[in-house]
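Q: If you're matching them up, the sequences are chains L and E in order. Reminder that position 492 of the first sequence reads as 492 in the numbering used here, one-by-one numbering, no gaps. Reminder that position 66 of the second sequence reads as 66 in the numbering used here, one-by-one numbering, no gaps.
Please note that the accuracy of each hint is not assured.
[Claimed, not checked] Here are the simulated DSBU-like pairs of lysine-lysine, each with C-alpha atoms no more than 30 Å apart in a straight line:
hint: 1; chain 1: L; residue 1: K154; chain 2: L; residue 2: K333
hint: 2; chain 1: L; residue 1: K15; chain 2: E; residue 2: K73
hint: 3; chain 1: L; residue 1: K638; chain 2: L; residue 2: K556
hint: 4; chain 1: L; residue 1: K783; chain 2: L; residue 2: K805
hint: 5; chain 1: L; residue 1: K15; chain 2: E; residue 2: K99
I should point out that these hints are in silico values taken from the structure, not numbers from a laboratory. Model, not experiment: these values are computed from the prediction.
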Amino acid sequence: MSVFRRIANTFSRSKLHQEIDAEIQSHVEMRIADNMAAGMSPEQARRDALLRFGNRVVMRERTTAADAATALDGFGRDLRYATRQLRRSSAFTATALITLVLGIGANVVVFSVLNAMLLHPLNVPQPGNLYHVVHKQQGYDNQSYPDYKDFQTKNSTFSDMAAYRVEFAGLSTRDAAYKCWYYRVSGNFFDVLGAQPAEGRFFHASDEHGPNSAPYIVLSNGFWRTHFDADSHIIGATVDVNKHPFTVIGVAPPAFHGTEVFIWPDFWMPIVNSPSGDTAEYLSNRFSHNLMVLGRLKPGVTPLQATGNLNAISQELAGQNRADDGLDARLTKPGWMGDQFGAPARSFLAGIMVLAFLVLLAACANLASLFAARTADRSRELAIRLAIGSSRWNVLRQLLSEAILLSVLGGALATLFSTILLDALTRWQPFPEFPIHVTVSPDPRVYFVALLLSIGSGMVWGLVPIRQIWATDSVQVMKTGGAGTFVFHRFTLRDLLLGVQIALCTLLVTASLVALRGMQRSLHAPLGFQPPGVLLADTDLHMGGYPDASTTQIQKRMIEEVARIPGVSSVGIIDETPLGAGGSSTYVYRMGTTDFRASTSAFDAKYYSISPGYLNAAATRLLTGRDFTWHDDAKGPKVAIVNETFAQRMFGKASPIGQSFLLGQGALYEVVGVVENGKYESLTEAPWAAVFFPLAQSSESDTSLMVRSPLPPDQVVPELRRVLAQIDPSLPFVFHTWLGALAFVQFPARIATATLGVMGLLAAMLAVTGVFGMAMYSVSKRKREFGIRVAVGAQPRQLIGSALKRSVILLLSGSIIGLLLGVVASQLLAQIVYEATPRDPLVLGGVLITMALLGLVATWIPAQRALRIHPARLLREE
Amino acid sequence: MARNDLQGSLDLLVLKTLSQMGELHGYGIVLHIQRASDELLSVEEGSLYPALHRMEMSGWIRSEWRVTETNRKAKYYRLTPAGQKELQSAERSFEQLVKGIRAILRYA
């Protein structure tokens, strides 16, 4: 308590004076009264009273001095003294500050991302009781609309459930047309989330009256500002979505961007409507699973109770509907498209957080050894202070306040830098064609963590010299001048810390090299197609208002016209490019199956619709059989091309050509060709079975035109654009190279590589300063010894050997341990990075060279210093 | 035997006075010590206030402005639990001092 009083007193000296004066005044007056009562005259009484007190000014000074003496005992003096000490040794302060900024900064950045992405990802009221309803099996996150409706009406544990899916369409006004990402949502979507409109109104469950009953859209605030100049007259206006009219009824508030962390859509549309106009089939089909279902738990209901409730409903549904065979439910945190991205992203971020923490630990280790060395350097000063009566506690408190002052300063700087960095991250848009923003803004929680980290790290490295101080024998230290008392042949805590740090650095360097090599290898991986030299022209014929029946005609014409462009070697069409953002799978059944359920299926296969010539354009090798022709159409028998995995799993060793299999509704398909295996969803996936259907038998409006040409893209695109515009000038196309489109699948690996690289760099810097500090310290402490050695004829090689032996041993053992840890860690990396393996001469060589270089950099100057020792000069100095 | 100086004994006198009388202002403390010691001890009034202030800073006593019976404003002091403890140890070390001095006087 009194600490604060004292500090307050030092600031309010004059108030203290007044109080003392008042107290003395009252004392004097009481004495005068008593004196007069005893018979003195008033003058006599006053004189006596004052005389007894002596000099009042001196008295007052003595009283305040008593106060100041105790006041200065507190922090004030410690802090001022610490500041002076730190200013005096600016090299130490600078090193310590840089180290701290790196360590704390890395943690603040990673924690901010973690905080924004995982801890409170959704910007809606009470996000804590929102859950996605997904299937038990990992990666199966989507529900069908009828299942959603059943879950919503039959459950007793959720206050309400909403459904949504993210889609892509062309929005046009009288003056302009845009390609937009939007959500199709159940009518209660905004009400379940608890969002309020910024302008106009939202739609509600009461607006839905069956298919195509609610032709309304709600604009996102960003889209409204950038495309409609924040004009509120847009409310009530009609716009076209894929040439179908919709009324704009409202605008969402600025911070609201739906229920996915990264995706910022342009508008929202009721799910009972669709831009193509045909929703009736979709709303009643239990087989098409492509909705995310989001529920808000009732107060007091645990996720476990809710899961039990939903599973009971699932079983009931499975008994009633063939399509729901094997239906089950699991809850997961929203914001990441269910678990598909959430689970890996969560574990990745958690892993990075651990790494960042390790970097901070390394920084602390470094500072601790730096600080211990400094304490040793100051041992004489400390010994004198102990000798003249300072308590060990006082000395310790002094050192500790230096450490904490530095840490808090470092933490403040680190927070400043990371705020700048995070601001840049927020403005970054990784893929121009996707509405993706990484919004990270530090909040009080982040600042609190930064403060905690600063003080915590300050304590950690400030407490290391305790033993040193406690063990200080002041007489001994003063006699020998400090230098001789520190034993150098024994391995100490300092060495252990440094070894750990080097191991950590090697681990990070190994991991980042493994990731880098994996990235590089993934560019040459056998993908089952060859992206270089291919241009993609994406379009959705629905945006041109074409009904499904006429799409094949248009697509055939496009292929024929584009093939005539000079320099184009092959052209084809596919509905979803492999390794793109989408892709679907379906159950396939063996011949003879009559009951079509998940449990009776042969397996789950990726499926695509392709035009004749696609295999050629994609450079996918046809192993046996034939490609499709335009005669494989609705009139001909149903045919399919399968990949090797499909053929092998369905037909075993037998030749697949001419054999048949069944799809969900019992449709029979004959295999006419087999193609090589490929990558379909991610670079690290296990081989999928895949099947290709002819476009003419399974019409698709949303497709990519694939154009292979040896010419550079900028020479082909203008001609391509002209030819396609001749077919239909109103059809919007997006042109890009296939290599560019692969950025999406490489994104996780890229992020991983970049993060590991940055962390590795941080750790390397810390390791260099650590080794440098230790080597330098050892050389300066042993100057006298070296001088004598030189005087008795030691060779430079011997000198360096004994000066740096310890650093080299530490470097070697730390590197070996780090490398071993790196091998283990690479197995974790293999989940995100293609073929991550440390058993690669380039990786091993790279790590060894890196560590050797670091060692060289760190020991070069100390070695030079050891060599330049001049015995005569040294003796003179002594 | 660290603090058996004059200041030590003044602290002891003040603490003991407050423990016997409960609450007193500075002038009252002076009068009480004089009276209780049969006029043998008289506190130097100029030393009393620095001592009181220091003791307050150490948390041994607490103070409060109040009005006296004669309608004057005065600062009243009272012992804290920490002061109670300090008093005990001060009494003990004073006993030691007295014993020590007596032993020396008796020696010969």
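Q: Looking at the structure, which of the earlier hints fail to hold?
A: Of the numbered hints given earlier, the structure breaks just one, which is hint 5.
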